[in-house]
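With these hints in hand, go ahead and build the complete structure from the sequences.
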Amino acid sequence: MKSPKVLILSAPGTNCAIETSNAFAELGARPDIVPLRLFKEKRVRLLDYDIFILPGGFSYGDEVSAGKILAAQVKLHITDIKNFIRMGRPVIGICNGFQVLVKAGILPFSPSCEQSASFVANDSGRFEDRWVHLRINTQNPSLFFKGLPEMIELPVAHGEGKLVLRSPKQLEDLKRNRSIAMQYVSDDGKIAPYPANPNGSVFNIAALTNPDGNCLGMMPHPERYTKIHHHPNWTRQTFQKQAFGMAILKNAVDYCRG
Amino acid sequence: MTEKIENSTFSVQVLSDFNSLGVKELKNLSAQNLWSLNEKEILAVQMYFRSLKRNPTRAEIETVAQSWSEHCRHKTFKSPIRYQEGSRTVLIKNLFEETIARATRQTKKPWCLSVFKDNAGIISFGNKGKWALAFKVETHNHPCAIEPKGGAETGLGGVIRDVLAAGLGAKPVLSTDIFCVAPPDKKLSLPSKALSPERILRGLIAGVRDYGNRMGIPTAAGGLYFDEGYALNPLVFVGSVGVLPATAVKKEIRPGDLIVVAGGLTGKDGLHGATFSSANLNGEDHSTAVQIGHPLNEKRVMEALLAARDQKLYRSVTDCGAGGLSSAVTEMADIVGARLHLEKEILKASDMEPWEIWVSESQERMVFAVPPSNLKAFEKIFADEGVKTRMIGEFVKTGRIEVLWNGQTLINLSLKFLNNGIPVEEKKAVYISPKIAESRVFPKKSLSEQLRDILSHLNVCSREWLIRQYDHEVQGGTVIKPLQGTRHDGPGDASVIWPQAATKDISDLFGFAVGHGLNPSSGKIDPYQMAWLCADEALRNILCVGADISRAAFLDNFCWGNPENPQVLGSLVKAAWGCRDASLGFQVPFISGKDSLYNESKDASGKMVSVPGTLLISAIAPVPNIEKAVTMDMKGPGNSLYIVGQTGEEMGGSLYNELNGIAGGVVPRVDVRCVRRNFAAVYQAMSKGLVASAHDLSEGGLLAAITEMAFSGEFGAMIDLDAVPKQKPIYSSEVLLFSETPSRILLEVKPEHEAAFVKCVKGSCVKRVGTSIANPIIKIIGLDGLVLFEESTAPFKAAWQRTVLP
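Note that the protein sequences, when read in sequence, are chains Y and X. Position 15 (the first sequence) corresponds to 41 in our numbering; numbering is contiguous. Position 42 (the second sequence) corresponds to 33 in our numbering; numbering is contiguous.
Be aware that a few hints might be false.
What the hints assert, rightly or not - Selected chain X positions facing chain Y (Cβ under 8 Å, derived; list incomplete): (1) 200; (2) 204; (3) 205; (4) 207; (5) 283; (6) 286; (7) 290; (8) 291; (9) 375; (10) 377; (11) 379; (12) 465; (13) 467; (14) 616; (15) 618.
Stated by the list, open to error - Capping the alpha-carbon separation at 30 Å, the derived lysine-lysine pairs in DSSO-like fashion look like this: (16) X:367 / Y:68; (17) X:407 / Y:66; (18) X:495 / Y:267; (19) X:407 / X:426.
Just so you know, these hints were derived from the structure itself, not from any lab. Bear in mind the structure is a predicted one, so any value in this text is a computation, not a measurement. Note that CB positions come from ideal geometry on N, CA and C, so glycine has one too.
Structural data, given as structure tokens:
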């Protein structure tokens, strides 16, 4: 397959579709920003696409709670998502998209798609936009982190980013099936509290995958680091010559190219 | 006196004895109804209706009142003014025309595509002028004093709509916000109904945060200024920059085009916002005058509008801001004319009188001129986004504004009367230059204490706590962030935006920068110089990140007290002259502006207090290649440090004077010829990649600026005061360290670039004053050649990072 088709879902309040689309276009993929409405009207089929992106934003104003309404809509109108994931095609939920995946019960993965985790307000009590250090779990089987170093930086920007789990046992399960994809760490790579952990997430979790590793939910924004000039310190020229956000999206595209 | 001529719940109200009322009764009527029409104006209205031999409907008077309001008409700026200063009298016919507009005309910049006419100023942008930038900054002071969060939300929502309605619509790519408030840490005695400064500030931040973040527009060029003079009347400046195709700049109205309203429904929120903005805030309840914002609705409107624009489905658009439909439709009808059926408007409240529907300022509504053949396609796009549209009339070639309510005439006014009928009144302005004796105090504080006090001053200290609450990176275009340096926490001079989300072309490296200049403390001494200083600061800020200031444009925002007070008007005139001269001096045109007057309230003792005359000048300029942008953090040891511009003994209005209790003094002057040469040389050097970092010298002067550069880059610096270029000999090291002479910038140059840099800046005043060092310390060599100051930067950074709001 030469040029993978990327479906970027838009709904009222999604904000990051265009820059995500620009990144995929730059990678030579064929991105389409598809309004949820077309799913309701059955005018579009998810399975016609190779990659599915739920971009960031404030879907439906994040009323009720972040991503809740869109999650209900996705469950209702994009029923193919389970098949899409089962077929091994890449899915990325970014920020609000991750919140949607969690609230739709798709992550943490369960066969019954029952919601088992949630997001609550940041411990700091406010929306925060900043760059964080992340450690990629090298045990995680996912397709998204090939060729990336263990430690990367990406920006986060959210007010309800604290991942909470149902029980300590659930955390053990996530560790055991290697579903924790990224953790917030300090600049020297240690699991550390705020501000290294920007929201107070349990076990500093920043990203999760399903056990197969093709469905990724992440709070940081890869589409905001697609060019080295996105990094806050590009003028200092001390960072690596790779835009890590672009690298994550590229892995999805390369995976589809086979 | 109101007579109902129809027996339904809603009816046309005729003011049946209006034409026979006397002056006193007319004035009472105007006051009761919040029309804010003065004696001459209401008499002109009466004369008009007497000539028509009929009484007006309430809706007609409301239309005139909002159309003639200070908010819509800028009467102060457009009336004749008799100005007096000492024995000198000047007669000004039209202040706006003779200052700001004239300067813009005289600078003759062909890349100004639309100035002062549209909802925002528009300049050419991008390679081969393929794109255009629309920029607007507005004030939203009165609503924010009453309901800070709601006021800030609707202020931002309103200015975003202005940009959406600039040309045929621009995609907003940056929001800016500046708040002038009283210090939250001071105990002030306030009147019972006034909100505390802390509550106001928290509300304003929450408003911009919640609205801006949800709109998906980065808020990345802001400011915060504290002065006790804003305790009763906070000032809120919100701005928006949008990108539109150069082909979408022109709008027109053709008779036969349909008038279509799209967006939120009309309710009782925001009655009389336009006229209320010229009323004094005296603790009465004005809650219905403040609107309620809903970002998701505005976002839906934005998406639909941009899609409809790209399909060329409408010929003109304007937003429903102050004055609601009344203002939007009359503005669009201009000289053509319009006929409307107001009952077609969709309401969210059932108990609205027709005149209320006409002037309601319910948010998130836009008015379009749609050719009939496009109506279906137009409606479909909006329906797809979940936005309600309603066709409420058409433009007709009558020169009148006619509004029908279920077949009955609600309004029938000639546009000529509305546009030109307003009586002009000569205003009196007096300027008395303040006699402030310069006190000679010799501060006993050490330099270290002085520096700590400056860096922890509310107007200097870190804004990180605030900036991080705004999503300043959405749209993936913030390539120079507001916070800079090793730990992403240093005070950047400006952000650079690369609008890839609007151009959808990531090979296009064109970007732009926005900066602001605000300096009310110098205005208290000399409002004319204040304008120069604001213009200089705004340009300096964007130059520091690598913007091409030969392509810069200015926006003005004047916030003054009551212009009926000749002294208030006198200082306003001075500042406007300053704007004119600064614009001509720098050869930078003004493209848009706004004024907000009557910013005064009664204090706890019942005395009327007005805000300090406050001018905000915002500058926008392209950064032709974002990969050449520059930040303020020191990049490494062993680099040369250069200072641009000469330092003068000008301590008037400086932070040093304020902190040491020194009054008066000379307000700095801008030596514009010299400055233009210096700034052009700096831009040349930057565009060749010869400058490693640049930071402007502003509040606190040289010592504060070098300390900020050093701690942001986690290096140190050594500066020799003897090498600092001086206008005249200066023998005081404190003056050299703390003077706030404008137009000065610190530059860091790497050794490998030094020869080329020196060649590049030849002929301008750019002098080497020191070196960067690996040790994170600041070392100052005094005029006597001895070490004057040698301190580690760490405690100063800590002082700078103080808590503002716990």
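Structure-based check of all given hints:
1. 200: It holds, given that the least Cβ distance between residue 200 (chain X) and chain Y is near 6 Å, below 8 Å.
2. 204: Where the cut-off is 8 Å and the nearest Cβ of chain Y is about 6 Å from residue 204 (chain X), the hint holds.
3. 205: holds, 5 Å
4. 207: It holds, given that the least Cβ distance between residue 207 (chain X) and chain Y is near 3 Å, below 8 Å.
5. 283: Violated, because the Cβ-Cβ distance from residue 283 (chain X) to chain Y comes to roughly 14 Å (cut-off 8 Å).
6. 286: Because about 7 Å separates residue 286 (chain X) from the closest Cβ in chain Y, which is inside the 8 Å limit, the hint holds.
7. 290: Holds, about 6 Å.
8. 291: holds, 6 Å
9. 375: holds, 6 Å
10. 377: holds, 6 Å
11. 379: Since chain Y brings no Cβ nearer than about 14 Å to residue 379 (chain X), farther than 8 Å, the hint is violated.
12. 465: holds, 6 Å
13. 467: holds, 3 Å
14. 616: violated, 10 Å
15. 618: OK, holds: residue 618 (chain X) within 8 Å of chain Y, min 6 Å.
16. X:367 / Y:68: Since the Cα atoms of residue 367 (chain X) and residue 68 (chain Y) sit roughly 23 Å apart, the hinted pair holds (cutoff 30 Å).
17. X:407 / Y:66: violated, 51 Å
18. X:495 / Y:267: holds, 24 Å
19. X:407 / X:426: Violated, because 47 Å separates the two Cα atoms, which is more than 30 Å.
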